[in-house]
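K.L.:
Sequence:
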Amino acid sequence: MFIFETSQIVLLKISSLRQKNVVIFNFYVGDNIWQEDKADIDAHVSTQFVYNANNSLSLDVQRKRLPIFKVKNHILYLLEKYQTLVLVGETGCGKSTQVPQYLLEAGWSADGKIIGITEPRRVAATSLASRVADERNCILGAEVGYAIRFDDCNDETTKIKYMTEGILLREMMGDPLLTKYSIIILDEVHERTMLTDIIMGLLKKILKKRRSLRLVVSSATVDAEELRDFFNSRKSSSNEDDLATILSVEGRLHPVDVHYLAEPCADYVQAVVDTALKIHRNEEQQRGDILAFLTGMDEVDRAVSLLKEHAERIGIDKQLKLLPLPMYGSLPYKDQLRVFQRAPNDTRKVIVATNIAETSITIPNITCVIDCGFVKLPWFDVETQTNSLIVAPVSQASADQRAGRAGRHRPGKAYRLYTEEAFAALPVATAPEMQRSDLAPAVLQLKALGIDNVLRFNFPSAPPSKSLLSALELLYGLGIIDDDGRLTNPLGNMGCSEEITTILAMLQVQNVFIRPAGGQASIKARIAHRKFEVAEGDLLTYLNIYTAYEKNKTHSWCQQNFINFKAIKRATEIRTQMRKLIKKLGLPLLNCGINTELILRCIAAGLFPYAAYLHYTGVYRTVRGNRDLHIHPNSCLYTLEQPQWVLFGEIQQTTKVYMRELTVIKPEWLVELAPHFYRRTAIDND
DNA sequence: GAGCACTGC
Numbered sequence: 001m002f003i004f005e006t007s008q009i010v011l012l013k014i015s016s017l018r019q020k021n022v023v024i025f026n027f028y029v030g031d032n033i034w035q036e037d038k039a040d041i042d043a044h045v046s047t048q049f050v051y052n053a054n055n056s057l058s059l060d061v062q063r064k065r066l067p068i069f070k071v072k073n074h075i076l077y078l079l080e081k082y083q084t085l086v087l088v089g090e091t092g093c094g095k096s097t098q099v100p101q102y103l104l105e106a107g108w109s110a111d112g113k114i115i116g117i118t119e120p121r122r123v124a125a126t127s128l129a130s131r132v133a134d135e136r137n138c139i140l141g142a143e144v145g146y147a148i149r150f151d152d153c154n155d156e157t158t159k160i161k162y163m164t165e166g167i168l169l170r171e172m173m174g175d176p177l178l179t180k181y182s183i184i185i186l187d188e189v190h191e192r193t194m195l196t197d198i199i200m201g202l203l204k205k206i207l208k209k210r211r212s213l214r215l216v217v218s219s220a221t222v223d224a225e226e227l228r229d230f231f232n233s234r235k236s237s238s239n240e241d242d243l244a245t246i247l248s249v250e251g252r253l254h255p256v257d258v259h260y261l262a263e264p265c266a267d268y269v270q271a272v273v274d275t276a277l278k279i280h281r282n283e284e285q286q287r288g289d290i291l292a293f294l295t296g297m298d299e300v301d302r303a304v305s306l307l308k309e310h311a312e313r314i315g316i317d318k319q320l321k322l323l324p325l326p327m328y329g330s331l332p333y334k335d336q337l338r339v340f341q342r343a344p345n346d347t348r349k350v351i352v353a354t355n356i357a358e359t360s361i362t363i364p365n366i367t368c369v370i371d372c373g374f375v376k377l378p379w380f381d382v383e384t385q386t387n388s389l390i391v392a393p394v395s396q397a398s399a400d401q402r403a404g405r406a407g408r409h410r411p412g413k414a415y416r417l418y419t420e421e422a423f424a425a426l427p428v429a430t431a432p433e434m435q436r437s438d439l440a441p442a443v444l445q446l447k448a449l450g451i452d453n454v455l456r457f458n459f460p461s462a463p464p465s466k467s468l469l470s471a472l473e474l475l476y477g478l479g480i481i482d483d484d485g486r487l488t489n490p491l492g493n494m495g496c497s498e499e500i501t502t503i504l505a506m507l508q509v510q511n512v513f514i515r516p517a518g519g520q521a522s523i524k525a526r527i528a529h530r531k532f533e534v535a536e537g538d539l540l541t542y543l544n545i546y547t548a549y550e551k552n553k554t555h556s557w558c559q560q561n562f563i564n565f566k567a568i569k570r571a572t573e574i575r576t577q578m579r580k581l582i583k584k585l586g587l588p589l590l591n592c593g594i595n596t597e598l599i600l601r602c603i604a605a606g607l608f609p610y611a612a613y614l615h616y617t618g619v620y621r622t623v624r625g626n627r628d629l630h631i632h633p634n635s636c637l638y639t640l641e642q643p644q645w646v647l648f649g650e651i652q653q654t655t656k657v658y659m660r661e662l663t664v665i666k667p668e669w670l671v672e673l674a675p676h677f678y679r680r681t682a683i684d685n686d
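First residue of the first sequence: 1, per UniProt numbering; consecutive thereafter.
Think of the hints as simulated: they come from the structure by calculation, not from any bench.
Take every hint as true, because none was put in to throw you off.
The list that follows gives simulated cross-link-like pairs (lysine to aspartate or glutamate, EDC-like), each with its CA atoms no further than 16 Å apart: (1) K113 x E171; (2) K70 x E250; (3) K64 x E105; (4) K278 x E309; (5) K70 x D60; (6) K321 x E309; (7) K113 x D175; (8) K64 x E135; (9) K72 x D60; (10) K321 x D346; (11) K204 x E226; (12) K566 x E550; (13) K321 x E283; (14) K205 x D175; (15) K180 x E156; (16) K113 x D155; (17) K180 x E143; (18) K376 x E191; (19) K208 x D241; (20) K205 x D229; (21) K466 x E383; (22) K580 x E498; (23) K113 x E143; (24) K204 x D242; (25) K209 x D175.
Build out the structure end to end from the sequences listed, making use of the hints.
P.N.:
Here it is, written out as C-alpha cells:
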C-alpha cells in the first residue's frame with residue numbers, strides 16, 4: 001500500500017482490493033476542484049487591463065511618482081531591524097511592483113538568493129512579472145520571472161520571482177526552509193485565501209528556524225495588527241525584541257467621496273437601477289463610467305434589462321447615452337470583453353458586475369461605484385458537509401475595496417445602498433476562507449508537509465475545531481491517515497489507472513461543457529452533449545468526452561460538440577502531469593478496456609462516504625444523516641431514469657440541496673469496499 | 001432547471 005500526492009488532486013490513494021489481481025484507485029479530491037460552471041479558465045488572461053494614468057511618462061519617472069517611493073528607505077531600514085514587515089497600502093500605491101525592486105537594488109538577491117512574491121491569482125503573477133521586467137528593461141524570465149502551474153518562466157539568473165501561492169507551497173515540500181529565498185513577499189494577504197493562511201502558518205515556523213529570512217506581508221487593510229502579533233513570537237514583553245512591525249503607505253491616487261442612503265432600501269436591484277439613472281442625469285458633465293456591484297448573475301441580468309429599457313428612452317432626448325453591460329464569471333468570453341472596450345464619445349457605460357470586479361478584474365475609466373452592500377460567499381456547513389453560497393452583508397474592507405474602484409485615475413464617487421449606521425455595523429473584514437471551508441484538503445496538505453498535529457498548528461486565524469476534527473475523521477475513514485493521525489502508505493497495482501487519471505483531470509477543469517443561455521444554440525448544445533452521456537453517471541461521461549476528444553484534439557471538434565477547448569486542453573496538461581507522476585513512482589498505467597465496473601468500483605472506493613439512495617418519496621437521501629437531496633440539473637442523470645444508488649462528489653445548497661458529479665453504484669459495493677464505514681444492516685434498512 | 005471568485009511538483 002502507498003500514498004502519493006499529486007499537485008492536482010489532493011491525494012490519490014491506491015489500495016488493493018481483495019479480489020485477485022485487481023487493484024483499485026481510491027481517490028479523494030479537494031472540495032473546490034469539483035466546482036464547475038466557471039468562466040473560461042483563461043478568459044481573464046487577456047482581460048487584465050490596468051489603467052495607467054501616467055502612460056506618457058517614462059517608466060522611471062512613473063516609478064518615482066508612486067506613493068510607495070516615499071517610504072522606500074523606511075522599508076529597507078525596517079527589514080534590517082525586523083524579520084517580518086506588515087506593509088499596509090491600498091491598491092495603486094505600487095507595492096506589488098516596487099518593493100521587490102527596492103529589495104533587489106538594496107542587495108537582497110546577493111549570493112544567488114531569490115526575492116519571491118506570491119499572488120492569489122495567475123494573471124496577477126504573470127502580469128506583474130511582465131510589468132516589472134519592462135520597468136527594469138529586461139527580458140521576462142531572466143532577472144524578473146514568474147512561475148505558475150504549467151508555466152515556468154524563470155531561469156538560474158532570476159532574482160525576482162512572482163508566483164502563485166500554490167507554487168510556493170509546493171516548493172516547501174521539496175525545500176522546507178525555502179533556502180532559495182532571502183525574502184518572501186506575500187501579496188494581497190487581506191483576501192485571506194486558504195493558501196495564504198496555510199503559508200503564513202508554515203512561514204511562522206520557517207522564520208524561527210531561519211533567522212536570516214525576511215517576510216513582507218502585504219495587505220490592503222485593517223488586519224495589520226493581528227498579523228503583526230501573529231508573527232511577533234518574541235519572548236519578553238519589551239518592544240525592543242519585536243520581530244514584526246507595521247508600515248502604512250498612503251493609499252490610492254485619488255479620493256473617493258462616499259455617499260450613504262438616509263433610509264435603508266427594500267430592493268437593492270431596483271435601487272442600483274435608480275441610482276445609476278440618477279448619476280447619469282445629474283452628472284452629465286462629468287464623464288466616466290459607472291460600476292455597480294450585485295451578488296449574482298440573476299440580479300445582474302435583471303438590473304441590466306431594467307437599465308436597458310431606460311437607456312432606450314434616454315437615447316432619444318439626452319446628449320449622453322447610457323450603455324448597460326453585465327459582467328460575471330460565467331458570461332461568455334466575448335461578452336466579458338465588452339466591458340473593457342471604450343464606449344463611443346456620446347455614451348456612458350454602466351457595468352453591473354458580481355464580485356468578479358472587486359479583485360479579479362480591473363475595469364478602466366470608472367468614476368462612480370454603486371455598492372448594494374451584499375456578496376455571495378461560499379460557506380461549508382460541517383454538520384451536514386454541505387457547500388452553499390450564502391448572501392451575506394459585505395465587510396467594511398470589501399465595501400472600501402469596491403469604493404476604491406472609482407478612484408483609480410481621478411477623484412470618484414461611491415454610492416452605498418445602505419445607511420452609514422449599517423456600514424458601521426458591518427464586520428470589519430470577511431471571515432478568512434479557512435474558517436468557512438472544508439478543511440480536509442488543507443489538513444492533508446499539512447500532513448504531507450510533516451505537520452502531524454494539525455490541531456495544535458498555529459493558524460493565523462484558528463478554524464473551528466469541529467471543522468478540523470471532521471476533516472481528520474474523513475481522512476481516517478478514507479484510510480488516508482492511521483490511528484495515530486499519520487499518513488498511511490498504501491501501494492498496489494491498478495486495473496484502471498489510466499481511466500481514473502483521465503476522470504480526475506476532467507474533474508479539475510471547470511466549464512468543460514459550453515451551455516448557451518437560450519435559443520437554438522442551447523438546444524444544439526444539449527443534443528451534442530447527449531452523445532457522451534451514459535447511464536453510469538457524470539464521471540464516466542467525462543471519461544467519454546475526453547476519450548472522444550483525444551481522437552481529434554481540434555478546436556473545431558470542440559466547437560461542434562459544445563466543449564470548452566481551453567478547458568479540455570488544460571485537462572490534458574493535468575492528465576499528462578499525473579501520468580508522469582505515476583510512471584515516476586513505478587506504477588503501471590493500465591487501461592481496463594470494456595470492464596466499466598472496475599472503474600465504477602474504483603470511484604466507489606474513493607467516494608464511499610458520499611452515498612445516497614432513492615427514497616420512496618421520490619427524492620434522494622444521504623446514507624449518513626438521512627438528508628433529502630436532489631440531482632443537480634446539470635448532471636447527465638437529471639434527464640435519465642433515477643438510479644437507486646448514487647455517489648456524489650459534492651453537495652451544493654442553492655434553491656434545493658443538490659448533488660453534483662454523480663456516479664451510479666450497486667449498494668453491495670459499499671459494504672464490500674468500505675466495511676468499516678457501512679454495515680449490511682444499515683443499508684438494508686429503509 | 002441552475003451558476004461569488006480563485007488556485008496546484
